[in-house]
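Each chain, letter by letter, is given below.
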Amino acid sequence: MSNSVELSIAKAINAGLAKSMRADEKVLVFGEDVARLGGVFRVTEGLLDEFGEKRIFNSPIAESGIVGTAIGLAMRGFRPVCEIQFDGFIYPAFNQIVSQLAKLTNRSEGFMQMPVVIRVPYGGGIGAVEHHSESPEAYFAHTAGLRVVSPSNPNDAYWMIQQAIESRDPVLFFEPKRRYWQKGQVNLDEAPQPLHSATTLRSGNDVTLVTYGPMVVTALQAAEVAAAEGINLEVIDIRSISPIDFNHIVESVKRTGRLIVAHEAGTFVSVSSEIAAKIAELCFYFLEAPVLRVGGFDVPYPAAKLEELYLPDADRIMEAVDRVLAY
Amino acid sequence: MPKEHAVYGELIRDLREADFLKFYRDMARIRRFDHEATALQRQGQMGLWVPAIGQEAAQIGSGYGVGPNDHIFPSYREHGVAITHGVDLMSIVKMYRGVNHGGWNPHETRFHLYAIVLGTQALHATGYAMGLNFEGRVGTGDPENDLAVIAYFGDGATAEGDISEALLFASTNKTPQVFFCQNNQWAISSPVGTQTTVPLYKRGEGFGVPGIRVDGNDVLACFAVTKKHMDDARSGLGPTLIEALTYRIGAHTTSDDPSKYRDADEVAYWQARDPIVRFEKFLRKQGIGQDFFDEVAVAGDALATEIREATFALAEPPLEGMFDHVYSEPHPLVEEQRAWLQNYEAALDGHTPPPAGDGDVSYGGTR
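Chains A and B, in that order, give the protein sequences. Counting in the numbering used here, the first sequence runs from 1 upward without gaps. Counting in the numbering used here, the second sequence runs from 1 upward without gaps.
Treat the hints with care, since some could be wrong.
[What the hints assert, rightly or not] Using C-beta positions, here's what the derived DEER-type ranges look like:
(1) R284/B - A144/A: 29 to 39 angstroms
(2) G44/B - I126/A: 50 to 60 angstroms
(3) T197/B - K305/A: 37 to 47 angstroms
(4) Q193/A - P317/B: 46 to 56 angstroms
(5) G77/A - A347/B: 15 to 25 angstroms
(6) Y344/B - V299/A: 39 to 49 angstroms
(7) P330/B - V299/A: 47 to 57 angstroms
[To be verified] To list a few chain B residues with every Cβ distance to chain A over 12 angstroms, as calculated:
(8) D14
(9) H35
(10) R284
(11) Y344
Keep in mind that the hints were calculated from the coordinates and are not lab data. Bear in mind that the values here come from a model prediction, so they are computed numbers and not experimental data. Think of the CB as a built atom: it goes at the ideal place given N, C-alpha and C, for glycine as much as any other residue.
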């Protein structure tokens with residue numbers, strides 16, 4: 001039997017960080033309030049006691065500075081893991097991420113590697129004030145040179161953070177903040193699969209439902225509802241937003257002939273746009289219906305009292321299931 | 001000279017005649033290079049050229065004040081600093097000709113890639129210097145061990161938030177670092193007064209980084225001030241901001257026309273203070289004869305010929321080179337698009353076109 005423990009997503013990331021820090025002394029953790037406090041979500045709690053202030057430290061409240069110094073540390077041979085406190089606070093670092101971090105390997109013709117991980121708690125559903133509930137992953141997925149991933153459960157969170165740290169490329173690591181406290185079994189011995197592979201969480205032959213991050217739980221809820229109606233949804237967690245494991249999606253869509261893509265972000269020029277376009281191209285003769293998308297609306301993330309209306313839920317997914325089956 | 005500046009004078013007194021001649025040779029060399037590169041741009045051989053004319057003292061002097069193992073984070077005009085650390089000038093020509101985006105190995109040259117988005121490199125320098133702290137490469141007193149870092153930027157870049165953040169991170173981390181601001185008084189068409197109302201050497205004070213202004217057209221002063229503060233940084237005394245007050249005698253780039261925004265009188269004033277002419281006068285007073293200056297002129301012409309011939313001989317980058325080094329590890333989308341372009345080009349060359357997609361799993365796709 002494998003060595004397995006029950007952990008929340010937050011604790012699983014913490015355990016993964018600790019394991020990477022033990023394995024490689026070049027791994028550094030920094031960001032706003034990550035040291036003594038353990039971050040506002042306590043993801044880095046306890047690491048200061050084990051690793052000391054040369055391995056985990058608080059940065060000034062300056063996101064461009066956090067990422068810019070991470071780049072300099074990577075140039076020196078460190079493997080920085082920096083935390084951006086909330087999704088909506090990443091934009092001051094956008095220039096350093098897009099113009100520097102993403103391009104330095106290319107600009108130097110491979111002489112400079114950028115093994116930097118940027119952890120970002122993202123998404124809504126926690127009743128927060130403005131700028132604390134956004135889903136900015138598409139900006140980064142659009143940028144060549146970056147890798148973008150998002151775990152949806154504790155086991156993936158534990159392994160994916162370690163795989164991201166081991167990557168020689170920069171990785172944007174989006175953490176589904178409203179699921180931080182969701183618990184699950186973590187296999188401490190063996191990674192389930194490589195970082196950029198998708199996984200099927202529930203098999204079904206009627207409709208393929210593709211999602212990632214915080215929407216995975218919602219998708220599985222929808223699959224339960226659908227099952228009660230005699231409809232079998234196949235739920236795929238892509239886990240990696242850049243690159244996307246299209247082979248995995250294609251294999252499923254060829255069987256079901258129907259695809260729905262769901263995420264919290266607005267759908268205009270989004271991750272679901274890319275998946276819809278690619279699947280239309282690769283599975284044209286297999287599709288029984290247009291690819292449908294379920295997402296947030298293309299408005300600024302609303303005030304907390306309205307976020308339940310903004311965020312797709314199982315009913316909104318079922319509405320799309322009904323539509324896709326009507327063809 | 002104020003008493004507290006006596007230390008700089010001592011560093012200058014330690015210089016030998018051979019050092020003076022080396023400084024002059026390099027200043028003249030980079031001036032000649034700038035003229036040749038400008039000519040090459042005018043002949044369509046380069047997309048753009050960014051001359052450093054007028055800033056040779058600031059660049060050569062400070063460059064030689066940096067230790068041989070220290071790391072240098074330039075902006076995009078530091079051709080003079082580059083030659084003080086053995087960077088092949090053709091690396092820079094290649095970039096401005098459009099062959100690549102840099103491509104030299106900063107681990108080897110210790111002169112990092114040019115940074116075009118202003119101020120970004122100062123944060124990289126600070127992060128690098130933080131790493132030196134973590135590794136114990138500072139303040140041990142062992143000259144083989146201790147290292148420091150220098151970031152170059154201009155007066156225009158001081159307005160960027162990254163410079164302020166870099167000063168702050170440097171201060172809170174007490175990094176082994178010098179911030180070297182070449183105040184050439186013009187950011188394209190904007191005079192320095194657009195960027196600041198306070199002298200730039202004071203910019204670091206509020207962050208806890210002490211500053212000093214140096215005559216940026218005095219190569220010996222630039223050398224001494226840089227050497228002193230790099231030595232201090234290596235010894236663990238923390239960061240310093242140096243403002244080298246100089247003047248951009250030439251255009252911002254070959255795309256610029258400074259006659260539209262600044263007075264000829266102002267340019268003439270600074271041309272009369274040309275750092276190379278000034279140092280030549282000094283050397284002649286030291287008894288350096290005409291033979292030396294003749295030799296430098298001949299070497300300059302030889303360099304110009306060499307650069308011109310090497311530019312013409314530069315190979316075009318390989319067609320699919322754009323797909324190289326996008327990532328350090330394999331990436332399916334990049335490989336798919338590389339393969340597509342190779343097939344497409346092969347088809348144009350008269351080969352059989354690739355088969356059309358049949359809807360199967362193939363990333364050939366449409367473009």
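Consistency of the hints with the structure:
{"no.": "1", "hint": "R284/B - A144/A: 29 to 39 angstroms", "in the structure": "55 angstroms, violated"}
{"no.": "2", "hint": "G44/B - I126/A: 50 to 60 angstroms", "in the structure": "58 angstroms, holds"}
{"no.": "3", "hint": "T197/B - K305/A: 37 to 47 angstroms", "in the structure": "45 angstroms, holds"}
{"no.": "4", "hint": "Q193/A - P317/B: 46 to 56 angstroms", "in the structure": "37 angstroms, violated"}
{"no.": "5", "hint": "G77/A - A347/B: 15 to 25 angstroms", "in the structure": "44 angstroms, violated"}
{"no.": "6", "hint": "Y344/B - V299/A: 39 to 49 angstroms", "in the structure": "41 angstroms, holds"}
{"no.": "7", "hint": "P330/B - V299/A: 47 to 57 angstroms", "in the structure": "38 angstroms, violated"}
{"no.": "8", "hint": "D14", "in the structure": "31 angstroms, holds"}
{"no.": "9", "hint": "H35", "in the structure": "27 angstroms, holds"}
{"no.": "10", "hint": "R284", "in the structure": "43 angstroms, holds"}
{"no.": "11", "hint": "Y344", "in the structure": "17 angstroms, holds"}
Going through the hint list in order, the structure does not satisfy hints 1, 4, 5 and 7.
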